[in-house]
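I would like the entire structure built from these sequences, with the hints used as guidance.
Chains as they are written, first to last, in our numbering: chain A, 489 to 787; chain B, 489 to 787; chain C, 489 to 787; chain D, 489 to 787; chain E, 489 to 787.
Since the hints were made in silico from the structure, they are not lab data.
Computed from a predicted model, the values in this text were never measured in an experiment.
Treat the hints with care, since some could be wrong.
Just so you know, same-sequence chains aren't split out, so a pair can sit in one copy or run between any two.
[To be verified] Capping the alpha-carbon separation at 30 Å, the derived lysine-lysine pairs in DSSO-like fashion look like this: (1) K505 <-> K701; (2) K733 <-> K663; (3) K733 <-> K505; (4) K571 <-> K701; (5) K781 <-> K505; (6) K663 <-> K505; (7) K781 <-> K571.
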Amino acid sequence: MTARPLLTELRLSAGKKARLHRILFQYGLGNGTAFFLPYDQGLEHGPRDFFPNPASSDPRYILRLATEGGFNGIVLQIGLAQKFYWDYAGEIPLVLKLNGRTDIPSDARALSPLNARVEEAVRLGADAVGYTLYVGTPAQEADFEQYRHVRAAAERLGIPLIVWAYPRGEAVEAKGGKDSFYAVDYAARTASELGADVVKVNFPHPERRANVKAPYDGQYSTQQAADAVVRSAGRTLVLVSGGTKAGDEAMLEKARESMEAGATGLIFGRNVWQREHDASLRLVGSLREILAKYPSPMP
Amino acid sequence: MTARPLLTELRLSAGKKARLHRILFQYGLGNGTAFFLPYDQGLEHGPRDFFPNPASSDPRYILRLATEGGFNGIVLQIGLAQKFYWDYAGEIPLVLKLNGRTDIPSDARALSPLNARVEEAVRLGADAVGYTLYVGTPAQEADFEQYRHVRAAAERLGIPLIVWAYPRGEAVEAKGGKDSFYAVDYAARTASELGADVVKVNFPHPERRANVKAPYDGQYSTQQAADAVVRSAGRTLVLVSGGTKAGDEAMLEKARESMEAGATGLIFGRNVWQREHDASLRLVGSLREILAKYPSPMP
Amino acid sequence: MTARPLLTELRLSAGKKARLHRILFQYGLGNGTAFFLPYDQGLEHGPRDFFPNPASSDPRYILRLATEGGFNGIVLQIGLAQKFYWDYAGEIPLVLKLNGRTDIPSDARALSPLNARVEEAVRLGADAVGYTLYVGTPAQEADFEQYRHVRAAAERLGIPLIVWAYPRGEAVEAKGGKDSFYAVDYAARTASELGADVVKVNFPHPERRANVKAPYDGQYSTQQAADAVVRSAGRTLVLVSGGTKAGDEAMLEKARESMEAGATGLIFGRNVWQREHDASLRLVGSLREILAKYPSPMP
Amino acid sequence: MTARPLLTELRLSAGKKARLHRILFQYGLGNGTAFFLPYDQGLEHGPRDFFPNPASSDPRYILRLATEGGFNGIVLQIGLAQKFYWDYAGEIPLVLKLNGRTDIPSDARALSPLNARVEEAVRLGADAVGYTLYVGTPAQEADFEQYRHVRAAAERLGIPLIVWAYPRGEAVEAKGGKDSFYAVDYAARTASELGADVVKVNFPHPERRANVKAPYDGQYSTQQAADAVVRSAGRTLVLVSGGTKAGDEAMLEKARESMEAGATGLIFGRNVWQREHDASLRLVGSLREILAKYPSPMP
Amino acid sequence: MTARPLLTELRLSAGKKARLHRILFQYGLGNGTAFFLPYDQGLEHGPRDFFPNPASSDPRYILRLATEGGFNGIVLQIGLAQKFYWDYAGEIPLVLKLNGRTDIPSDARALSPLNARVEEAVRLGADAVGYTLYVGTPAQEADFEQYRHVRAAAERLGIPLIVWAYPRGEAVEAKGGKDSFYAVDYAARTASELGADVVKVNFPHPERRANVKAPYDGQYSTQQAADAVVRSAGRTLVLVSGGTKAGDEAMLEKARESMEAGATGLIFGRNVWQREHDASLRLVGSLREILAKYPSPMP
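Okay, here's the thing in C-alpha cells:
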C-alpha cells in the first residue's frame, strides 16, 4: 500500500485547496475520500449508453441521483452544465469536463478537443475541471500543447485540475493496449509530471503483457499494479474509474484494491446509472462502505 | 412523446430568452412553435436547387414568401443577409448562418468553414445564429474548436445558437450512414452536450440498421426514433429539417411525428420554395395547421 | 410642424433598423410612435421618488405596468435589468441606460459615469441603449470622449442609441438655465451632430430668455420652439420627456405640441408611476390617444 | 416587513448561485441567513481598533473565532488573505475585500482604491468579493468607473459581489450625514441599481432629519426605515453592519429590527472581536439566536 | 583539449550570469564545474525506469539525493517542480525542463512539446530552463519555431537556457544514428548557433561511421571527438549526459574525457538513481573527484 498524500502536503494554492477541501470534506462521506459521478458518455459514446436505463438520458435524473447517492461531485460537459447545473448549484460540486469527442471517427490518432475554457468552469461555479489527456497518442504534441494552456488557466484561477489519463492510439495498441499495467502506470506518471492535481486512471491489468515494455512483462498481482500506479502519481491524487458496466463483485473488489493501494476515490458512471434507480443506489451504498474504511485525517 | 421543454426552464440568459421569445411568440403562429425558412442552399448545393422554380433564385422572392407564409424566421448566409435583409429588418427574424461550404469537394472529412462572426449577426439585427456541426467527421477536432468560439461569442452577446447537427464523413458512412437513427440520435445529443440552444436534425431512419452500433440495430418505429432524438436533446429545442423535396403526404406525416415527439418546430426550405408560389403557400398552410396543434403555454 | 422622418430614410444599418422597427411597429400602438417608461430615478434622485406611490419602488410593479400600459419599452440601469428584466425578456423592449449618477454631489461640473457597456445591453437582449450627455457642462471633453466610445460600440453592434440630451452645469445656468429654448435646441442639435439615433429632450421653455444667446431672447410660442427643436434634430428621432410630475392637462398639452412638432414619441416616468395604479393607466390611455393621431406610414 | 427574496429568484448565474448557496446554506446556521465577520479595520482605521482586545491583532485569532463562532464567512484584504487564509481554505468562506483605504486623509472627496482584482479572489478560493462604494462622494465618477470593472469581472467569473454602500463625502455631510435614513436608503438603492448581489448598509437613523431631502424629513420609526431600505434594495440581499462597538442590548435590537425588515443577515466586526474571547462568543450566540428565527426556505 | 570558456567571457546578461554563477560557484564543488541530476525520465520513458530502485519513483527521495550528493542542480518537469520543489526551494538550484514527451509514439518525426513557460520557471524560483531540441528531425521547423520563443523569453527574463541537443528522427537514423560523432557534433553546433547558454550532449561515438557524412567517416578517437564537440559549442557551455545505466568504469572514463575536452560538467540521472542509495552516492563521489580536477578560475 502506498500512503495517500494529505491535502495539506500537496503544495496547492489556497484556491485549489479550498475547492478540494470542499469536495473531500464537505460532500460525500466527508472523510477525505471522493466518489464522482461522471456523465459525459452521451458525448463520448452517444445515447446508446442510456438504453439500459432510459431514465438516465435525462440530466435531471442524474443530478438527483448524485445528491441522493451522496456523491462528491458530478462531471458534465459544458452544454449540460449550462442548462442543468443551475438547479443544483451549491448542492453538489461540479467538475466541468473541458474536452471531449464522439467515438465515431477512428481513435488511432486520438485527440480530445476543448469544448470549454477554465474560466467558464469558474463562472459556472465548478469546483474542479477535467481534461482528457490521451497518453501515447501520435497527436501528443497537440494534446500536450492544449493541455498546457488548461493547466496554466487552472492555476491562475485556483481551480483543481483532474486529468483523465487515458492511454490511447495506435502506438499504445502496438505496445500492449490501453488497459495494460504498463500503459496505465505510464499514464498516471505522465499526469503527475505534467501537473495534474488529480488523475483518473483505469484499473491496471498486469496480465496483459503481450508487447509491453520490460519490466512490465513480468508477473504482478493487480494489487501490486494498483500500488505502483498510485506511487507513480505521487502527490497527484488518484481516482479509479469504473469503465464499462461489470458485475457487482468484480466492481467492489476493484474498488477495495484501489483504496488499499492509496487511491483517493472512485469515479463510476455507467456502472451506477445503467442500473435502475434502486439498484444503482444499492451499489453506491456498497461502494461507500468501502470508502468509509479509508478516511484521511481531517486537516 | 417527450414533453417539449418550456422556454422559461432552459436556463437561458436574458438576451437569449428575449430573442427566442420573440421568435416563438411574436412571429409565425405565436404559439411557441417555430417554422423556419432556410435559404443557404445556393451555397451548399449551388444554383441547381433553383431550377425547379426559377423565381426562388431571387432572395427578394424568398423574403416575401417568408412574410407571406408567416414564418418565424429566415436563414441566410452573410452575403445575402447584408444585401437583402435590410428591406425586411424587424419584419421577419433573421437567423444568420455562420458557416457553410460548397458541395463540390468530397465530404469524407467534411468541415464547414466560418463565413461570418457572431458579432456580425448582432450588427445585422439577427435574432439567432446557425452553425453546421458535422458530427462524427474525422475533422471533428477542428470543428469542435471552431464551434467553441462561436458558442462562446453567442453567449457573450446573448444570441441563441442553432446547431445544424449533421452526421457526416467517412466514419459515419462506415457506421450506417447519416440518416440512421444511431447517427441522428448521436448528433442531437452532441449538440446538447456542447451547448446548442436549438438543434436542427434530419428525421431519423430507424430502418437503416446495417453497421450501426447496438442497440440501434434493433426494431424501432419512426415515432420511437423521433421521441428518442428529442429526449436526447433535453433542454435543447429540436427543429426537424425537410431535406430533399418529397411528396406532400410524406412531408406532413414527418412533421406530425416530429411535433408529436416534442419537437419545437420545422425548418423546411426546398420542400417549400421549389414549388411554385401558390403551391408552396398551400403546403406551408398545411404545415401550420399541424404546428397549431402543438402550442406551448405562453410564459 | 416638422415632418417626422421615416424609419427607412434615416440611413440606419440593418441592425439598428431591425430594432427600431420592432420598437416602433411591434410594440405599443405599432404605428411608428413610441412611448417609453423610464425607471432610473432610483439612482438619479434616490428612493424619495417612490414615496408618492410606494409600490413604484418595486421593479416588478413597473415592468407589469409597462406591459399593461402598452409601452414601447422600459428604461433600466444595469442592476435592475440584470435582476428583473429576464421575467419580461421578449415581452417588452428594454432600453439599457448606460450611464447615470446620484444627485447628491453638485452638478456644477456634471458628468454621468458609465455603469454598463453596450455589449452588456446586447447580451441582456436590449433593443436600444441610452446615454446621458450633459450638453454644455464644463466636463464636456470627458463626456464627449466617453460618449464617442458608446456611439462606436452601438454602431458596431447595430443597436440604436438614445441620447438623453440634458443641458447641465454652471455654464448652462449662467446662460439661461437648462430648460430654455436656447439650451434645449442646442442640446437636440448636439445629439444630432454627434450621431444619436434618437434624442430625448425636455420640453423647451421659450419664455426663459434671461441671459440666453440671441436670437433665443426673442418671442417664441412653445409650438414654435418645439418645431425648431425637432428640426434641429433632423434625422435623429425626438422623444419628449415628462420631467417632474405635473397636472394632467399640462402634461397632455405638452404631449400634443410635441407630436404636432414632429416628435416620434414620449418618455414619461414619474408622471406615470408616481400616480396610483389605475390613475397611471388612465393617464397612459390619454397619452396613447394623442400618439394614435400621429402615425408613421408602415414601412 | 419586506419579504426577503429567495436565492432562486435573484436571476443569478450558476456560479453566483453556487457560491451564495454555499455561504447561506452550508456554513453558519445553514438556514439562508448570513453572519459575516469583517476584518479589514486594520487598514480602514489602523491598529487602534485592536487595543481593546490585543489578541484581535492576530489574523489567526480572528480566523479561529470565525470557525468557533460558526460565521458564514470572513472578510479580509488581499495581504491577510494571501498569508493567513490557506490554513482555513475550504473551512470558512472568504470574502475578499477588493478596495480599501486608510482614514488618515480627509474623506471629503472619499474614494476607496482597488487593492486586488476579482481574479485574485477566485484564485484564493474566495466565495465572494467586497467593494466599498462611497455613495454621494464628489469622486463618484471615478468610483462608479472603478466599480463597473469590478462588477463586470465578478459577473465574468460568477462570484457574488457584496457592496459596502457607504454614504460619504462633503455633499453627504451637507445633506444630513452618512447615517441618515435618506443617505442609507439612497445608498442601498444605488447598490441595487448598479448590480450588487448583496449590499452592506449601516442601520438607518430616521431621527437625523436636519438638511435631508423631503420626504425623509418626516417622522419614521427605525423599523419603518429598515423596511424601506430592504425594499429599496429589491433583489439585492441586505446585510446590516454593526459599526462602532455598542452595548449588547442596542446591538441585539438593531439585529432584530434588521431581520424583521427582511435583511439576509449581519456583518459585525468590532462589536465581536473587540470583546475578549468568551464574551465575543456569547454575543455571537445571542445574534445567532435571532438569525435562527428568520430562516429562508431551503431552495 | 579545448579551453573551457570563462563565465565572464560568455557575454551573458546580468541575470543569466547571476544565475549561472550561483549554480557554478555556490553549489556543488563551487569550482565552476557542474553536476546536474536530471529527473524527467518518468515522462520520457515512463515509470519503468524506477523498477531497478523503487525508491527512485518518489521525487522526495531524488531531491534528498541531490542535496546529499552535492549536485549543482536538479532537473524537473513542471508537475513535480510545483508539487515537490517548494520543500527544497533555495537549497538546491532547479532547472525547469520546459518540454518533454512520452516515448510511446514513434519518434520518426519527433518533436518535444512545451509543457511549461519560462515565466513559470522564474515564478518557481528556477535558476535555469531546459529545452529538448531534436536536431535533424523532420519536424525541425516547428521545433525551431517553438525554441525561438523559449530562447527569447529566457533572454527577456535573464534565465540561462540549457539545450538538450538530441539528434533524432528518421533522417538522423538514415545518416548514421543519433550517437555518431557526426550527429552529436552537429547537434552541439546547432545549439550554439541558435543561442543556447549551455548544451547537453550525448558522448560522441566516432566509431559509428556507416552512412555519416564525410569527413566524419574517418578515424577519430573518442577524445578527439569530444574535443571537437566542445569546440563546436564555443561559448555555449557543454554538459555531457550519462544516458542508459552503464558500468562504473566506462562511466568514469567518459566523464574524464569529457572534462578533459573542456566540458563544464555532467548530467547523470539513471546512472545515479537506478543504483541503491549508498551505491549511487559512491558513484557520485567518484565523479566529483574528477570534476574537482577541472576547476575554472573563480571569476
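Outcome of the hint check:
1. Proximity of K505 and K701 under a CA criterion of 30 Å is satisfied in neither setting, with 37 Å inside one chain copy and 40 Å between copies.
2. With identical chains, the CA atoms of K733 and K663 are at most 30 Å apart both within one copy (25 Å) and between copies (23 Å).
3. Within a single copy, K733 and K505 get their C-alpha atoms no closer than 33 Å, and across copies no closer than 35 Å, so neither meets the 30 Å cut-off.
4. Taking CA atoms no more than 30 Å apart as the test, K571 paired with K701 passes between copies only; the shortest distance there is 28 Å, against 46 Å inside one copy.
5. In this homomeric assembly, K781 and K505 come within 30 Å of each other (Cα to Cα) only inside a single copy, at 23 Å, whereas the closest approach across copies is 34 Å.
6. Taking the closest pair of Cα atoms, K663 and K505 never come within 30 Å of each other, the shortest separation being 37 Å inside a single copy and 43 Å across copies.
7. For the identical chains of this complex, K781 and K571 are inter-copy neighbours only, at 27 Å across copies versus 36 Å inside a copy, given an alpha-carbon limit of 30 Å.
Figure legend: structure checked against the earlier numbered hints; hints not met, in rising order: 1, 3, 6.
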